[in-house]
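This note's numbering puts the last residue of the sequence shown at 161; the count rises by one with no breaks.
Heads up, a few of these hints could be off.
Unchecked claim - Quick list of simulated restraints, FRET-style, between CB atoms: (1) P123 / G48: 25 to 33 Å; (2) I104 / G131: 16 to 24 Å; (3) L44 / G122: 17 to 25 Å; (4) G63 / L137: 29 to 37 Å; (5) L19 / S105: 36 to 44 Å; (6) P123 / V41: 29 to 37 Å.
Rather than coming from a laboratory, the hints here were simulated on the basis of the structure. In this text, a Cβ means the ideal position worked out from N, Cα and C, and glycines have one as well.
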Amino acid sequence: MAPGLASGVDLVVLLTANLYNLLLAAVFLARGRGLKGIERVTGLAAIGLTLPLVAAAVLDVLGGREWWRAALLLPLISFNLLELLLDYGLRLEFRRSKLVWPYISLYYLGLLAAMGYCFALGPLFGFVTLGTYFLNLATTRYGHTQRCTPAIAVGQPPRPR
1 MAPGLASGVD LVVLLTANLY NLLLAAVFLA RGRGLKGIER VTGLAAIGLT LPLVAAAVLD
61 VLGGREWWRA ALLLPLISFN LLELLLDYGL RLEFRRSKLV WPYISLYYLG LLAAMGYCFA
121 LGPLFGFVTL GTYFLNLATT RYGHTQRCTP AIAVGQPPRP R
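Can you build the whole structure from these sequences, using the hints too?
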């Protein structure tokens, strides 16, 4: 394996973090184009990446590795479980309520923590992950500006574009 990848677990986290960013970029591109079916399928695929993250966290703990490795994966795992519950299970319209702020905070905490794990593997791995993160950010903006202009205050309906 390449320098910095001490185990297969590290490779799984590296690939999962980057694939997650790429899938979320696809979600926001589809959202911006109004392709709800593609948005849903890629969103579910991104949530499916929770499984390798859980496996990596468990293997890190069972392997006696540093505690922070598993801890860095918990925010993204938690976010994905929350996303599955709110968006795909209960199908709540929580994005126009005050619940959106903790939701978004957990999302970015999860992305940044996974990126931190990748940077701990080495600068090259971290910067690759940073690149896919910035792609995710750019498409997030695209997805939100193409559908409608976001409301200024939480709780207000969005203005049509």
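Here's how the hints hold up against the structure:
no.: 1; hint: P123 / G48: 25 to 33 Å; in the structure: holds (29 Å)
no.: 2; hint: I104 / G131: 16 to 24 Å; in the structure: holds (22 Å)
no.: 3; hint: L44 / G122: 17 to 25 Å; in the structure: violated (31 Å)
no.: 4; hint: G63 / L137: 29 to 37 Å; in the structure: holds (33 Å)
no.: 5; hint: L19 / S105: 36 to 44 Å; in the structure: violated (23 Å)
no.: 6; hint: P123 / V41: 29 to 37 Å; in the structure: holds (34 Å)
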